[in-house]
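Engineer: Each protein sequence line maps, in turn, to chains A, B, C and D. In terms of numbering that gives the first Met the number 0, the first sequence opens at residue 0 and continues consecutively. In terms of numbering that gives the first Met the number 0, the second sequence opens at residue 0 and continues consecutively. In terms of numbering that gives the first Met the number 0, the third sequence opens at residue 0 and continues consecutively. In terms of numbering that gives the first Met the number 0, the fourth sequence opens at residue 0 and continues consecutively.
Misleading hints may appear alongside valid ones.
Same chains, same label: a pair holds when it works inside one copy or across any pair of copies.
Unchecked claim - DSSO-like, lysine-lysine: derived pairs with alpha carbons at most 27 Å apart:
| id | residue 1 | residue 2 |
| --- | --- | --- |
| 1 | Lys60 | Lys109 |
| 2 | Lys60 | Lys93 |
| 3 | Lys114 | Lys60 |
| 4 | Lys8 | Lys109 |
| 5 | Lys8 | Lys56 |
| 6 | Lys93 | Lys56 |
| 7 | Lys56 | Lys114 |
| 8 | Lys93 | Lys114 |
| 9 | Lys109 | Lys93 |
| 10 | Lys93 | Lys8 |
Since the hints were made in silico from the structure, they are not lab data.
There are 4 protein chains.
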Amino acid sequence: MDRLDTIVKNLREFVAEREWNQFHDPKNLAMALASEAGELLSEYRWISNTEADQLTKSGEKRARIVAEAADVGIALLLFCDRIGIDLLDAIQSKMITNSQNYPANESRGKPERPKK
Amino acid sequence: MDRLDTIVKNLREFVAEREWNQFHDPKNLAMALASEAGELLSEYRWISNTEADQLTKSGEKRARIVAEAADVGIALLLFCDRIGIDLLDAIQSKMITNSQNYPANESRGKPERPKK
Amino acid sequence: MDRLDTIVKNLREFVAEREWNQFHDPKNLAMALASEAGELLSEYRWISNTEADQLTKSGEKRARIVAEAADVGIALLLFCDRIGIDLLDAIQSKMITNSQNYPANESRGKPERPKK
Amino acid sequence: MDRLDTIVKNLREFVAEREWNQFHDPKNLAMALASEAGELLSEYRWISNTEADQLTKSGEKRARIVAEAADVGIALLLFCDRIGIDLLDAIQSKMITNSQNYPANESRGKPERPKK
């Protein structure tokens with residue numbers, strides 16, 4: 000069993016022990032995911048891009064950011080488990096699509112999808 | 000090398016080939032993450048909780064939802080890699096905190112954090 | 000001067016007194032807006048659609064929800080002011096587009112945009 | 000009847016004609032609001048703060064951003080109407096709270112809430 004599978008198993012037990020499956024339909028989990036992403040976002044609201052790496056380097060702020068990234072990850076794993084997909088498989092498939100949508104030579108230095 | 004490490008390595012290569020590191024400071028990646036979470040959210044906007052599992056079961060809608068969950072995952076992995084953390088380690092630590100914040104007997108059937 | 004104009008004027012003074020214009024570029028304000036929307040979202044995470052009206056009716060929860068809706072509104076007004084548009088004018092224009100995109104007889108009881 | 004009241008009245012008619020009230024409980028509207036905020040956010044994902052004003056100045060991008068700000072506004076007005084509040088009243092009350100939470104002399108040049 001790889002690390003991800005172990006974590007998903009532990010999350011399932013955590014939820015089952017608390018009888019939270021009743022709240023964890025995909026709609027509610029998508030909401031939880033978006034609100035956790037919003038909390039992470041709020042940490043970077045007022046700083047500039049050039050300060051963002053520095054801000055995240057250490058201290059209480061870093062600890063909070065790491066915890067918020069983990070919350071996003073937990074919500075995402077719960078969502079994937081509920082709809083019956085493996086997150087890493089889904090990412091691998093999506094990366095193939097992304098390679099096609101953003102060909103390296105048309106996308107170099109340009110983050111927007113090239114127009115056809 | 001486990002599955003997650005392989006994916007993170009592939010993501011790094013994808014980004015390096017396109018010279019996108021310049022755009023991928025933590026602030027921008029947190030924004031990308033939140034906007035991908037918003038797209039996932041929009042799939043569940045108008046349906047009720049009781050329909051959410053059914054909606055996600057098959058068809059074009061399911062394919063879109065899986066791709067959006069993957070996009071959220073990719074943005075999250077890029078964010079974690081940029082700030083130098085391993086997502087699964089961060090999740091494991093956060094699950095310990097969550098076990099303390101939501102003791103099973105005080106949280107059974109109640110999704111809100113118990114008041115002290 | 001109508002009510003909205005007065006509020007926008009007061010917001011400008013509030014920001015100027017605190018010398019916050021330096022933080023209020025459109026990117027940062029869009030982030031602030033999304034993170035406030037995420038906070039509002041989190042109030043409704045675990046309840047079902049059928050409970051949502053009841054939950055919002057009274058008490059501490061209602062007070063918090065009203066304050067969060069106001070925060071979203073403030074961020075939106077700051078954003079609109081920064082990019083030089085009047086929110087209500089923009090809404091009126093968009094409502095014309097929406098009337099075209101969602102013709103009443105094709106959209107009755109169906110919240111998704113009709114396919115052409 | 001001021002401009003906002005007219006718009007709210009028009010929104011009500013728009014929704015009633017399409018029989019969309021069944022979808023517009025506060026939970027769903029909070030989701031719609033957050034996903035519209037996510038779309039606005041995505042316009043500013045990859046640019047730096049210093050480019051954000053320029054980006055918003057003209058062209059197709061500006062038109063899209065204005066339409067997305069309007070969408071956020073519409074979702075917010077629908078939400079406020081559903082829970083029975085006037086957005087501008089709520090904003091005015093919140094601005095009083097904000098003046099207390101961010102005293103001008105403690106908050107000058109600092110966008111975070113002063114610690115007590």
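Engineer: Hint by hint, work out which the structure violates, then give me just those numbers in ascending order.
Structural biologist: none
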